[in-house]
Structures are given as C-alpha cells and as structure tokens.
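Trainee: For the protein sequence lines, the chains are Y and S, in the order given. Just add 1444 to wherever you are in the first sequence, counting from 1, and you've got our numbering. Just add 1444 to wherever you are in the second sequence, counting from 1, and you've got our numbering.
Errors might be hidden in some of the hints.
Given that identical chains are not distinguished, each listed pair holds provided it fits within a single copy or across any two copies.
[As the list claims (entries may be wrong)] Below, a list of computed lysine-lysine pairs in the DSSO-like style, where the Cα atoms sit at most 30 Å apart:
1) K1910 - K1867
2) K1639 - K1910
3) K1983 - K1910
4) K1910 - K1850
5) K1639 - K1578
6) K1667 - K1850
7) K1932 - K1867
8) K1771 - K1667
Just so you know, these hints were derived from the structure itself, not from any lab.
There are 2 protein chains.
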Amino acid sequence: NNAASGKGIQSLTRAQTSHPLDPLSAAEIKVAVATVRAAGATPEVRDGMRFVEVVLSEPEKNVVALADAYFFPPFQPSLLPRSKGGAVIPSKLPPRRARLGGHHRGKVVVSRTIRDVQPPMDAVEYAECEAVVKDYPPFQDAMKKRGIDDMDLVMVDAWLVKVTYVCLSIIAEAEAPYLRLAKLFIFLHEFEDRKLVPLPPADPLRNYTPGHTRGGVDRSDVKPLQIIQPDGPSFRINGQFVEWQKWNFRIGFTPREGLVLHSVAYVDGSRGRRPIAHRLSFVEMVVPYGDPNEPHYRKNAFDAGEDGLGKNAHSLKRGCDCLGYIKYFDAHFTNFTGGVETIENCVCLHEEDHGILWKHQDWRTGLAEVRRSRRLTVSFICTVANYEYGFYWHFYQDGKIEAEVKLTGILSLGALQPGEVRKYGTTIAPGLYAPVHQHFFVARMDMAVDCKPGEAYNQVVEVNVKVEESGENNVHNNAFYTEETLLKTESQAMRDCNQLSARHWIIRNTRTVNRTGQLTGYKLVPGSNCLPLAGSEAKFLRRAEFLKHNLWVTPYALDENFPGGEFPNQNPRVGEGLASWVKQNRSLEETDIVLWYIFGITHVPRLEDWPVMPVEHIGFMLQYLKAAMMLQCRHVPFRPSTCERDYV
Amino acid sequence: NNAASGKGIQSLTRAQTSHPLDPLSAAEIKVAVATVRAAGATPEVRDGMRFVEVVLSEPEKNVVALADAYFFPPFQPSLLPRSKGGAVIPSKLPPRRARLGGHHRGKVVVSRTIRDVQPPMDAVEYAECEAVVKDYPPFQDAMKKRGIDDMDLVMVDAWLVKVTYVCLSIIAEAEAPYLRLAKLFIFLHEFEDRKLVPLPPADPLRNYTPGHTRGGVDRSDVKPLQIIQPDGPSFRINGQFVEWQKWNFRIGFTPREGLVLHSVAYVDGSRGRRPIAHRLSFVEMVVPYGDPNEPHYRKNAFDAGEDGLGKNAHSLKRGCDCLGYIKYFDAHFTNFTGGVETIENCVCLHEEDHGILWKHQDWRTGLAEVRRSRRLTVSFICTVANYEYGFYWHFYQDGKIEAEVKLTGILSLGALQPGEVRKYGTTIAPGLYAPVHQHFFVARMDMAVDCKPGEAYNQVVEVNVKVEESGENNVHNNAFYTEETLLKTESQAMRDCNQLSARHWIIRNTRTVNRTGQLTGYKLVPGSNCLPLAGSEAKFLRRAEFLKHNLWVTPYALDENFPGGEFPNQNPRVGEGLASWVKQNRSLEETDIVLWYIFGITHVPRLEDWPVMPVEHIGFMLQYLKAAMMLQCRHVPFRPSTCERDYV
Ligand SMILES: [Co+2]
Ligand SMILES: [Co+2]
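Taking the hints into account, I'd like the entire structure generated from these sequences.
Mentor: Encoded structure:
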C-alpha cells in the first residue's frame, strides 16, 4: 500500500509486469501468431500463412505517461497526464497489442488487406530466389560459358526492383562472397545473358578471414588493451529502463528500425525530470548508385523498408563488437512461417571514456581544473546483404546526445570487360569496379522538449548567422549576428543544411524559460551532409522524395512513422509518406513536433575500401540550449587517481 | 664497423646523439642564450636583453634524409638522397643551430633587425601591463565608482591591438576569473572610462572548482573506468622517434606551434617505408568576434603569432588529461630574461581503442569477421588567456590520420547595462554577455606522398562529384560521377569546401602507381567548416587574409612557415604571409607541396557554455588513396578474449 501524494489519488493494486513500451517478448509473439493463425478459415490458409513482421502496437502517449507515473518505479504521480476532470487512474493499463503488418502476396493475415504493396523481403524469400535461379538451366549454361560447372560455387543475390525482382549473380569461393562476380540480369520472369563479361581473375588479396591473412602476415604487435570497471558500471538497468548520469530512457526494438529509444529525459536537480524526446530511431536508409548502366541504375536499396534494419541485426560479441562492461539486450522476431527467433546480445549498452569533458587552467596561478568525459553508448549493427551499418546513440554528461552511423562491410561491385574503365566509379581490383553511390539515413525524432505528459508545447526555429550590413553600426565591418526564423508550417520546414551560415535548428519549448527568461530548447547540430546527386527526375526519387531535403518537420500523427510510407518495397505509387503528408501544410507553431533529419555521405570508393571497407562515420548532435546544463556537468567529480599506475 | 650496402659507401664513425629535428634541449637553449648575450656590447645591453623565442633552426630536407638514412637506426642507406655525383656521405651531420627570432621593442638580439614588427607577447609583459593599469590612479577611481576598493580583487587582461595595447579590465574573485567584469578601455597611453556599466551581480553558479561544486552536489555515481595494457603499449619510442603499427614519425615542439610531427611515414610490406609528410603542425589560429561595439570589434586574437600555442602549453596529468598507458614528452623554452623553463609532460602519446575497425557478417552462413580499431594519439593542450585548445593527431591502422582540435575553457565576455540585450551575442548570465565569434585553425602540411629523399613529385587534385546530364547516356537520371581537376598554380589552388559536391583534395604522387596502374595519393577530407562572417573589408582580414579560403597550396619554401608572416603581432603592414606568397603564382604541377588547410567553427555561445565550456570538436582527415592500404588493415589480429571477463 503505497503512500500517494496529497492529491486524493487512491493507491491501487499495480500488477503490471511489462511496460507498455517493452518490445514484444517471445511468448507474446507466439500468442499473436497463434491467434492470427487460428483465424484462418481452412487448414491450407493456416499452414500457408507467412509472417513478415510482428511488432508491438505502441500505445498512445497518455498510456505511456500513466505507466511511467504510476505503474513503474519510481512512482511519480506528478507525471500523471492532466485531463479536464482531473487525474483518472485506471486500476491497470490497457492490454498490450501486437500489430501484424501488411500481407504477403495478397494473402490476408490480418483483418485489413492492403492491395498493391509488398512487405519487406524475408531471408527465406531471398534463399528461394537464389535456388530458383541456380536451378534454371539457361542460368547454368551461362555459368558454364564462364567456366563454372559447380553451382555450389555460385551465389545469387536478389535485389528488389519494381514489382518483380532483379538478381545479380555473384560467384565466389565460400570465404569471399561479393568479391568476384559475373554480370547477368535475371528478372523473376525473364532471363537475359547480355554481354559475356568474363569472371574477374581470382585475386589473392581478396580474402580477409584469419585463415587467409595469417601465416606470418598478421600483425603481432598490437598489445592487449582492457577496459576495466572494478566497481561495475555507472548505469542501472530495470528491464528495458536505463538510468545513467541524470539520463533515463527505455530501450525498444522493432524489426524495421532496430533500436528504438523511448521516453528520453534528463533529471535536472530541482527542476526534476525534464523530457527531451518521446521516441528516437532510424526509420529508413536509402543507397542510390550513380552508374547509369545496367544493373547499377536499378540499385537504390531502402534497407529499412525493403529488408529491415532490426531483422538483420547481429548477435554481438564482447571484446569484438563492444569493449568494456557490457549490458546486452536480446531481440525477438517472428520468422517467415510464424516461429519465434531470438537474436541474443542484439543491442549493446556500455560506458566509454571520451577524453576531456572540460578544462581550464588559470594562467595567473597555474591552477588547472579538468574533468574527463564519460559517455553511455547504445548500439546495434546490421548487415544488409553486402554492407554493414552500426547505429549508435551516445549520451554525454553535458546533456548532449550524439547519433552516429558506422559504415563498413563490402562494396557493391560490378565486373568490367578486360581493359574497360568506367566514368562512374573506381576500378577497385583487376576486372572489378565499384560505382560511386550515396548512403542516406533518416532519423525520426518525436520530440518532447520540457513537455510534461499531455503537453504539446514545442516548435522549431531555424538559426542562421548573418553578415551585418556595412554602415554606421558596423564601421569596422566585423559584425555578424544570429537570425532566428520560426518554421511555422510544414512547407516552411523543408530545409537544407548550410555550413556557411552555421545553420542549425532549435526545438524550443514555447512556455518554459530558463533563469534568464529565455525559452528552453534543444539544438540539432548537423554533421557533414549532402543531397541526392541524381537528377530530380530520377525514378527512385518518386519513392524517396523525402531525400530532397535534409530536414522536415511534422506534427505528430499516429500513422506517420516511415518516410517512404509503410510499404516502400517496390511501391509503384507516388504520393506516399513524408513528402505527401506535409502537403497538408499543418501548423507547427505550438505542437507535438516530429523532426525528420536526413543525412547522407557520398561514397567515392577507394582501393582501400576493398576487400572490406574500414569504418566511415557520419552523424549529428542534439545539444541542450538555454537550459543551463553546464550547471550539471560542473558537478562531474575530479578523479585524478583513475590511472595513476599506468606509466612508461 | 657496420656492413654497409654494396654501393661503395664507407662505414663511418657515427657519433650523433641528437637527431637534426630533435627540439632544442635545455642545455642547447642555455648555450644559445649565453652566446647571444655575450655578443652584447655593454653590460646594460647584455642585462636588458629579452628572449621571446629560441627555437631549433630546422635543417634542410637533405640533412634530415641523411640522418634518417645513415646516422640513426634503422640504418637505411637506400634512403640516402641522390645527388648528381652519387651519394656523398659526410662523417657527421652539420651542427645544430638555434634561431633567435625577432627583437623586442627595437632592441637587437640577433644580427638582423626587423623594424616595425612585434614578436609574440610574453607572460611577463602581460603581468607588467596588468600592474601598470592597476597602479594608475584614474583606473583605481573607476574601480571605486563600481564599488571595488581592494585592487587585489581586480584582474586586468591585455589584448594586442594595433601598435599599442588595449586592455579589458576584468574583475573577479580569485576562483572565478573572467566571470564578472567591468567595461573600461585602456590604451597604453590613454585611459577612458566611458559609460558606467555596473558590475554584474556575483552569481553563485559561476564557480566550477571542486571547492565550490562539492558539498552534496558532486555526482557520486561515476564509477571508475580504467584502461589497462598488461603487456605494455604497442608503440616503441627512441628519443623523439615513434614507431607504432607500421607508422613512424618524430615528435618536435616549438614555442609558436606547439607539437610538430616530422617525417611521417608508413611501412607498407614489400614497398618498404612510404613517406607521407615532411612536417605537420598547426601554425596559426584566429578568433574574430562579431560585435561591432567597443571593445569586441578589436578582438581577433592570433593565438599562435601573438602568444604562442607551445609556450602556453600545459603540463599534463595522467588520469585527467590522458588515460591509459602514457608516454609524455617535455618541452623546453627560454623565458623572457633568457632562463630555461621546462614544461614537463607537455606532449601526451598513448593508444586508444576506437570501436570497430571493420566488420562483415555473411548473411548466408552467419559467419562474422570483425576487428577492433586501435589508434595512436599525440596531443597537447594550451591556454590562451580565457580559452583552452587541445590539438590532437590520431593515427589509425588503416592508414588514416585525423587532426582534431578540442575547444574548451571560458568564453570571452562583456558586461551589459541592466536590461540591455545585444543582437550580436548571447546573454549568458545576469548582466553578462558572450558575443558570437569564430575560431579558425590553420594546419600546415608539408607533404611528401611516396617521395623518397630529394624527390619532389607531388601535385594536388581537386575532386568534385557532378550530376550527369540527362540524355541518351543517362535515361534514368540517376547518374553522377567524379571530376578531377589538377590545381596547376597557386592562384588555381585557393579553394573552399563544398559538401554538396563531396569536394575533397588528393595529394598525388606524379610517378608512383599502385597495382592497378593508378597514381598513388593521400586524400584530404574536410570536416565541418566555414568562412569568415566579417565583411571582406574588415580590418583584421588585412592581417588574416589567409582566412578567405579553406585551402591554399604552395610549393615548399624555406621561409614560408606562418600564414600571417613571421611577425603577425599588431602588424600594420599589408602583404605579408600566405596571401602574398601565392601572388607569385608558382607552378604546382610537380613539386614539393605544402598544403594549408584552414577550418573554422562559428561559435554562437550557449548558456551551457558557461561558466566552463564543454569540449567542442573540429577537425579533418587524411586518408590513403589508391595505395591499397586495406591490404594492411586486413592483418589486424582477431582478439576475442580482450574483455571476456567484463559482463553484467
Ligand atoms: Co558505400
Ligand atoms: Co568560442
């Protein structure tokens, strides 16, 4: 019997064990699948059901607030959403619901049938596609023409294009997939062996496994480096709930997005828990290629909407993927036939030392004050065919959040005719060619800066630094100043980066002020970025119209989750997703703000990216603004003794 | 008696103990000072001598090559510079020379007198300036008007402007310099107490020392994190020579630049030692402010040329400034009166784990290969009055070099009238104002990509990614491609960053090819950057004309070391330094290339930057290109056991 606060709230029996935002457990997925299967009219229907995604139907924000305030520790009735008639507290939360998305080739698995769309491709379908192609006699003949009799040496990768599939055939010894290939074009219903491009020669340098690189050539001079936390980590974990250094948030996971961060907040002394975001995740990524020739112009993978960043996540290994004192989270999915599969150690959470946090040495006295920066890192890594992507969210002690993507893995290659050189890419090895391409990532940030439950008091302001006019007030011509522009509507909020004006965006609370009377906010600081280099009439930009700007802002809406619409896979339709929603031109002056930040890297392949590409980094930052967070990071303790014994 | 190679080279007695590039030792500085002093004509001249900089006169490149090839291990006669008459090997290297730069207020301390220039300001001069001002009765009266009777509470900071000094008077309790201030203007020969701006109120939040932030508010939940290398570090040090993971280079240090890296090379298997750069350092930084009012428009500090990044370096502390297994280097300077002062532990060298180096997981087999990235970091930190700058060079296992600057310390502030708000900055605390400003850094990179001693076979190529025209060859409008432009002359090589075209620059060897026949190179990859926001007629841009472009390229010349000329301090002359040298428009088609990369950050102060600013990062990268370095980082060993015992 808890003592509630003095607001007349009855203390109720609270029996909730799953927070409404916890990802579905294996058991819940089983129940969901069984329920749907049981609804099949005939045994044939029931057995033929295919399950692409079973995912938690996330509850509305007021249910989340209720759970945070009342059903999950710490009990904080002050966080209860306020309705007109005062706080109404049910005895338990509404039941959790699983959402079974879409259909598969017209077979209904949920009460709603959506025509003319495709859910993401499943690994089984890729395997079936590969098997069909390899069994097809004309394909086998084509391989024989290239000197390959043993079809076990052949691998066929499917790519999703239009309503059919196009496949690139790839041939390799087992240890080096993607590194030798033949150029053939196979659509699901047609096969064409165009020009005979011979197989590139087997290159002794193409393998990267220890078995191939060892034998005297492995470096022997990398001495071990251990990260030891003798008193354990500084974070506390309760189920999916994480607390660390005034930060708290919940870990979520979906098949499409992978890692999701819910209810991100910062505990700020006497101001208490200050919400920052409802939900942060990467909702899409697109990789368009710059070669106009077959088959490269068809390559513009939507790695989230066509394949799923979460479904393709890795099981991570201590000492390899992550170093230090690690807390792992598992992820559960349904497989194609409705069984439950678990990726163990799928999300990694750990602390890192991150150099100095701040320093000042007084030149008059010589006295130095310095504090080291610790960051909490939450991440997962996925493979989408040839490429690897690591998605990292870093939390810092000064109120900063950094989003970072690490790109590695294997380039998507083409074979060249002997002596052929292409304008649109790099000859990466004898007979092998890597076309130039771009990687775009879409971060969806459902913000809640200083918004208590039920409040929708955010807006977005663009800041540009401007050169002052010459004249009486600027006789020395040195002056410049910041200009703030409120993004009032969705059409005003389609914006691009501009380094020369130090452009950034503030997500501002319209009603909360700091001690100097300024409105509090969070600042989105772009990192390096670009825009699509394809012509604006390029076909893939119909599906990927959202790439045309670096920033979009929308008011929160329940169904607006994926910028290419819910089913971007081979979607021939125009007018789905972000670029369509903003045509409503809704007001953004004071609302529940969703930011879509789109950042890209233009990848001109280097020889050094082959056979495996060293990690490239790209990202952006969110920083507290006008909230006087430094007052917090002043308090990071001085620890001169951390490493005294390490000494040359 | 060493066995020399078969080229008829006599084995000579080699007694060199100092490499020609080693910074001057304390003993060498003493000898230099004594020599100069003895040359004074009278006792008054000898006693009145003031020493601002005593620095190694770096030998010509052929002497360095000779030392590397023959006098210092490993003995590599193949590196001997080739002259027309064959290798000529002296029995010892020429003697080391110290260069005593400049003069002080017209007093000659070296045989050459340079008129109308000022060397960098010395700490003694700052102190004298402060004392003079504090002893001046009208200044004391002005302080009394503001309620300050005790002049021990007053601190006066001098700024270097024109040929006189302007001082800002700063008042503060001992532990919080820079955080309360009065606005007075003092030129060396005039004093003016303009408007009475009252002292801002004493703000309880302004202090950041443990004494002020402790007492229940210090964070107690940061658990220790130790970095342990039980088998020692992977680097090897021999004097100033460093070897690590195929990298090798020499550590240098000067009063003006601080850390200098000499003779940077990468050992690439059978290709042997491949030079990359002769010399890398930060040669200048400039901080212009955007407020047109007194005194801010005068603030455009040249922190290297006016003060010296090296002279103002810190003595670093293990566990605070650097973590892990540290090798420190000391730095020696002369003080104003000719004594030798040593900054112990001035340069920090250590290894860091840097996350994953590369990864690929085969989706067919589930087999994952992953390697962790280790980097070697060399750094120093300096204070220039209120600000701190940390300069870091990171070396990676994939042939990448990263230059990083960390900005921290205390903002340069102004006081406001009660109720006053300024367009040109941020009200940071009651009565305190931080004007918007920019920080520009100049990296000078004397390159030697794949150049053996005596070779000058480099050129610079700009790369832009371009949208392909629509038409027959681009029917799908997806095409883009890279365009390379050789920067043939100095005037063609004044370039700015452009993210939209993925602009970068290649320092290319004109005669060395990789295995696919392409010319080898190194790629300069810009990070975030900007240009000056002051009007092009701003006065400070006369001295700082080099800020007008992000990249400049010059052919190497002995005296072209500092972009604002050798004496930028209060220099009223136009036409010194980089912007003047390039007017010669020398050819860059095949030469000994010096790159000047200038990168800036526009700093719109945040409340959270006060009282001490959390670190901001800015930098750029150098990456191997067309040299197939990945073949090297394949060989980084797999070490799954590094951290097995750390487990939640
Ligand atoms: Co790529
Ligand atoms: Co600044």
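Trainee: It remains to establish, for every hint, whether it holds in the given structure.
Mentor: Checked hints:
1. K1910 - K1867: Close across copies (11 Å), not inside one copy (39 Å); limit 30 Å.
2. K1639 - K1910: between (56 Å within a copy, 28 Å between copies)
3. K1983 - K1910: between (37 Å within a copy, 18 Å between copies)
4. K1910 - K1850: So K1910 and K1850 pass the 30 Å test across copies only (25 Å; inside, 34 Å).
5. K1639 - K1578: Intra 19 Å, inter 87 Å, cutoff 30 Å: intra-copy only.
6. K1667 - K1850: both (25 Å within a copy, 28 Å between copies)
7. K1932 - K1867: So K1932 and K1867 pass the 30 Å test across copies only (23 Å; inside, 44 Å).
8. K1771 - K1667: Result: close both inside a copy and across copies, 25 Å intra and 15 Å inter.
Consistency note: the structure conflicts with none of the earlier hints.
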